[in-house]
Amino acid sequence: MTNVVKKKYLCIHFSIYELKKTIFFKTTLKRPSLKSSVPPHIALILKTLPTKPGVYRFLDENGKIIYIGKAKVLKKRVSSYFNKNHELGKVRVMVTKIADIQTTVVDTEWEALLLENSMIKEFRPRYNVMLKDDKTYPWIAITKDDFPRIFATRQPDKAKQELFGPYPSGRFMHTLLDTIFEVFPIRTCKMISQHSRPCLQYHIKKCAAPCAQLISKEEYQSNIKKAIEIIKGNNNNVIKQLREEMMQYAHAWEFEKAQLIKEKIEILETYKGKSVVVNPEITNCDVFSITMEEDAAYINFLRIVEGSIIQAYTLELLKINDLYQEDLLLMAMVEIEKRFGPLSKEIIVPFIPEIKLDKVTFTFPQRGDKKKLLELSEKNVKFYILEKRKQEELVDPNRHANRILKTLMSDLGMDRLPERIECFDNSNTGGDEPVAAMVCFINGKPDKKEYRHFNIKTVVGPDDFASMEEVIFRRYSRVLEEKTPLPDLIIIDGGKGQLGAAYQALSKLDLQEQIMMVGIAKRLEDIYKVGESLPIYIDKKSESQKLLQAIRDEVHRFGITHHRKRRAKKSIASELDQIHGIGPKTKDQLLSHFKSVKKIKEATLEELTELLGPAKAEILRKYFE
Numbered sequence: 026m027t028n029v030v031k032k033k034y035l036c037i038h039f040s041i042y043e044l045k046k047t048i049f050f051k052t053t054l055k056r057p058s059l060k061s062s063v064p065p066h067i068a069l070i071l072k073t074l075p076t077k078p079g080v081y082r083f084l085d086e087n088g089k090i091i092y093i094g095k096a097k098v099l100k101k102r103v104s105s106y107f108n109k110n111h112e113l114g115k116v117r118v119m120v121t122k123i124a125d126i127q128t129t130v131v132d133t134e135w136e137a138l139l140l141e142n143s144m145i146k147e148f149r150p151r152y153n154v155m156l157k158d159d160k161t162y163p164w165i166a167i168t169k170d171d172f173p174r175i176f177a178t179r180q181p182d183k184a185k186q187e188l189f190g191p192y193p194s195g196r197f198m199h200t201l202l203d204t205i206f207e208v209f210p211i212r213t214c215k216m217i218s219q220h221s222r223p224c225l226q227y228h229i230k231k232c233a234a235p236c237a238q239l240i241s242k243e244e245y246q247s248n249i250k251k252a253i254e255i256i257k258g259n260n261n262n263v264i265k266q267l268r269e270e271m272m273q274y275a276h277a278w279e280f281e282k283a284q285l286i287k288e289k290i291e292i293l294e295t296y297k298g299k300s301v302v303v304n305p306e307i308t309n310c311d312v313f314s315i316t317m318e319e320d321a322a323y324i325n326f327l328r329i330v331e332g333s334i335i336q337a338y339t340l341e342l343l344k345i346n347d348l349y350q351e352d353l354l355l356m357a358m359v360e361i362e363k364r365f366g367p368l369s370k371e372i373i374v375p376f377i378p379e380i381k382l383d384k385v386t387f388t389f390p391q392r393g394d395k396k397k398l399l400e401l402s403e404k405n406v407k408f409y410i411l412e413k414r415k416q417e418e419l420v421d422p423n424r425h426a427n428r429i430l431k432t433l434m435s436d437l438g439m440d441r442l443p444e445r446i447e448c449f450d451n452s453n454t455g456g457d458e459p460v461a462a463m464v465c466f467i468n469g470k471p472d473k474k475e476y477r478h479f480n481i482k483t484v485v486g487p488d489d490f491a492s493m494e495e496v497i498f499r500r501y502s503r504v505l506e507e508k509t510p511l512p513d514l515i516i517i518d519g520g521k522g523q524l525g526a527a528y529q530a531l532s533k534l535d536l537q538e539q540i541m542m543v544g545i546a547k548r549l550e551d552i553y554k555v556g557e558s559l560p561i562y563i564d565k566k567s568e569s570q571k572l573l574q575a576i577r578d579e580v581h582r583f584g585i586t587h588h589r590k591r592r593a594k595k596s597i598a599s600e601l602d603q604i605h606g607i608g609p610k611t612k613d614q615l616l617s618h619f620k621s622v623k624k625i626k627e628a629t630l631e632e633l634t635e636l637l638g639p640a641k642a643e644i645l646r647k648y649f650e
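When we follow the working numbering, the leftmost residue of the sequence shown carries the number 26, and every step to the right adds one.
Mixed in with the good hints, there may be bad ones.
[What the hints assert, rightly or not] Taking CB as the label site, the calculated pair distances span:
hint	residue 1	residue 2	range
1	K185	I377	37 to 47 Å
2	D170	D132	11 to 21 Å
3	E550	K647	50 to 60 Å
[As the list claims (entries may be wrong)] Restricting the straight-line Cα-Cα distance to at most 30 Å, the calculated cross-link-like pairs of lysine-lysine (DSS-like) are:
hint	residue 1	residue 2
4	K363	K482
5	K407	K470
6	K415	K566
7	K474	K257
8	K115	K482
9	K554	K474
10	K566	K554
11	K413	K384
12	K415	K384
13	K641	K612
14	K641	K407
15	K242	K169
16	K571	K612
17	K397	K122
18	K250	K230
19	K370	K397
20	K431	K415
21	K363	K395
22	K97	K72
23	K395	K470
24	K72	K470
25	K77	K521
26	K407	K381
27	K289	K257
28	K250	K407
29	K415	K370
30	K122	K100
31	K565	K610
32	K396	K370
The set of hints was computed from the structure by calculation and includes no laboratory data. Positions of the beta carbon are idealized from the N, C-alpha and C atoms, including for glycine.
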């Protein structure tokens, strides 16, 4: 940071006090307020904080920076850590470790963003958002010499090269380079030496032979400038310049040179046609979209130049703190500006940020082509996440499942990973043919050989509570008897009533302390624990919630299928069993041949006689008539 910049900032530093006592926060349904637990010296600092934009730094008792953040109003933002309850356990732990607070005041919120970004990269605090490394992406590099070389690299060097990128799509980058080399004769060799004769590249018109002094420095640099314009997406400007040159040669009767330039224009027009053109009316703008997950945020960036998408990039931020969408989006904008140059004057976003930027307009489109651009960006994020998941599964098939199970363990407050989950559901129609079903998921995947059906034996009538108690008791009595593995988690498809009945059955077996049990209500998808009146809060869009719902849906499907088969079997059996003179073997013979009672009724006397003989055929005919 230069001395000039340093003078802009008012740095307020408070002495470090020794933290005498560490405060631990217990995760409960209603957490105690943090306000009464603020150490006296921290409370004093909070009272004297400035009401200006700036950057704040939290330090631990050893003087090490553990978190860096920016704020529109420092006093308001920093105080919020100590006067509100935080959902994320990591934030609550961080607050207990704060022994000192430092602030740096700046003029605008955007300056705060820039300063925050540079400080995070310098100090790499433990509780800050971490930017995923992208060194594997290729760049287009242009050397800084009299006759520059253009090439692709994965080892960018800002000191010696002018860089463009990175390019997530290597295919797009190489197509771009191929177009440039086809239009402009730029050298590809690594070193220039003075040769009297040019090499083969010159003779096949792939190089202008600067080594043999067959092109001037000015003309070569002009080609490089045009190539840079193409890389930036300004194809129309290059085409316009080439057309002017073509007309000049044509007026001078140098038709061969004019023809060569015409061919270059055609190549550029073809390349432009292959690029993703969204709308010629949309000139220059940037598009940002964001998708939040449990431990990460994904921000997609599209750059539109002259109606075409010339750059697409997805940034991954690993969430450590409880930052809002706006904070993460603005952090991504700072990073994108450092990598790809200044942001466009118009930025299309999924919401309007509170921050104001000079000469930049935020647009939140509701319809039209700009809305489609935003949807395209969001689709890119989804594909990026999907591809990432697939790659993770290829490298480690259990990684994705383990992540979801860890999240579920945290959401339910379990002390071990729910590797084996068993889920139960009752099925009946007005108390008729009551059955129950159990499905088993091991490491987040269904294990169908462990599925079980239960016919209710002791319960009379439509009593779901008693039926659930019977099934749970029967299931785990047998598990204990056969010494087979107990589940880590039991899910009951039902509300607090079914959950209570199942818990009573576990208590009779003295298993209530060994197995976690939850119920999932049918109407609002709420998750209940035994003995708690209010449901557990789980994000409805989270992967753990989706896993619970998938398991519940699977047990419902498995149970209802068994119930329907029993009802159908009973319906068929009752009608044929009423026919005097038709025994079980004859009944099986009829059903095997005709497949249903309906087809038996529709069969002719001749068909029945051929199958059963005249006597039994006559009995069936008289009964159905």
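Structure-based check of each hint:
For K185 and I377, the hinted distance range of 37 to 47 Å is satisfied, since their beta carbons lie about 41 Å from each other. Remark: the range hint 11 to 21 Å for D170 to D132 is contradicted by a beta-carbon distance near 40 Å. At about 55 Å, the beta-carbon gap between E550 and K647 stays in the expected band of 50 to 60 Å. For the proposed pair K363 and K482, the alpha carbon gap of about 70 Å is over 30 Å, so the pair is violated.
Proposed proximity of K407 and K470 is supported: the alpha carbons are some 23 Å apart, at most 30 Å. Annotation: proposed proximity of K415 to K566 holds, straight-line Cα distance about 20 Å (limit 30 Å). Of the pairs offered as hints, the one joining K474 and K257 is violated, with about 58 Å between alpha carbons and a cut-off of 30 Å exceeded. Between the alpha carbons of K115 and K482 the distance comes to roughly 49 Å, so the proposed pair goes past 30 Å and is violated.
This hinted pair checks out: K554 and K474 have alpha carbons roughly 28 Å apart, not beyond 30 Å. For the given pair, K566 sits about 20 Å from K554 by alpha-carbon distance, which is consistent with the 30 Å threshold. Proposed proximity of K413 and K384 is contradicted: the alpha carbons are some 36 Å apart, above 30 Å. Among the hinted pairs, K415 with K384 is inconsistent with the structure: their alpha-carbon atoms are about 41 Å apart, more than 30 Å.
For the given pair, K641 sits about 11 Å from K612 by alpha-carbon distance, which is consistent with the 30 Å threshold. Between K641 and K407 the alpha-carbon distance is near 66 Å, which puts this suggested pair outside the 30 Å criterion. Between K242 and K169 the alpha-carbon distance is near 13 Å, which keeps this suggested pair within the 30 Å criterion. For a cut-off of 30 Å, the pair hint linking K571 to K612 is broken: about 46 Å separates their Cα positions.
For the hint linking K397 to K122, the alpha-carbon distance of about 46 Å lies beyond 30 Å, and the restraint is violated. The hinted pair formed by K250 and K230 meets the criterion: a straight-line CA distance of about 19 Å does not exceed 30 Å. The hinted pair formed by K370 and K397 meets the criterion: a straight-line CA distance of about 19 Å does not exceed 30 Å. Between K431 and K415 the alpha-carbon distance is near 19 Å, which keeps this suggested pair within the 30 Å criterion.
Taken as a hint, the K363 and K395 pair is honoured in the structure, with Cα atoms around 25 Å apart against an allowance of 30 Å. Between K97 and K72 the CA atoms are separated by roughly 17 Å; this keeps the pair inside 30 Å, and the hint holds. Of the pairs offered as hints, the one joining K395 and K470 is violated, with about 41 Å between alpha carbons and a cut-off of 30 Å exceeded. Between K72 and K470 the CA atoms are separated by roughly 53 Å; this puts the pair beyond 30 Å, and the hint is violated.
At roughly 50 Å between alpha-carbon atoms, K77 and K521 are farther apart than 30 Å, so this suggested pair is violated. Note on K407 and K381: the hinted pairing holds, with a Cα-Cα distance of about 29 Å set against a maximum of 30 Å. Under the criterion of a C-alpha separation no larger than 30 Å, the hint pairing K289 with K257 is consistent with the structure, at around 18 Å. Restraint check: the Cα-Cα separation between K250 and K407 comes to about 36 Å, which exceeds 30 Å; the hinted pair is violated.
The hinted pair formed by K415 and K370 fails the criterion: a straight-line CA distance of about 37 Å is larger than 30 Å. Pair hint K122 plus K100 holds up; C-alpha atoms about 19 Å apart against a cutoff of 30 Å. For the proposed pair K565 and K610, the alpha carbon gap of about 54 Å is over 30 Å, so the pair is violated. For the suggested pair K396 and K370, the alpha carbons sit about 17 Å apart, so the restraint of at most 30 Å is met.
Violated hints for the displayed structure, listed by number in ascending order: 2, 4, 7, 8, 11, 12, 14, 16, 17, 23, 24, 25, 28, 29 and 31.
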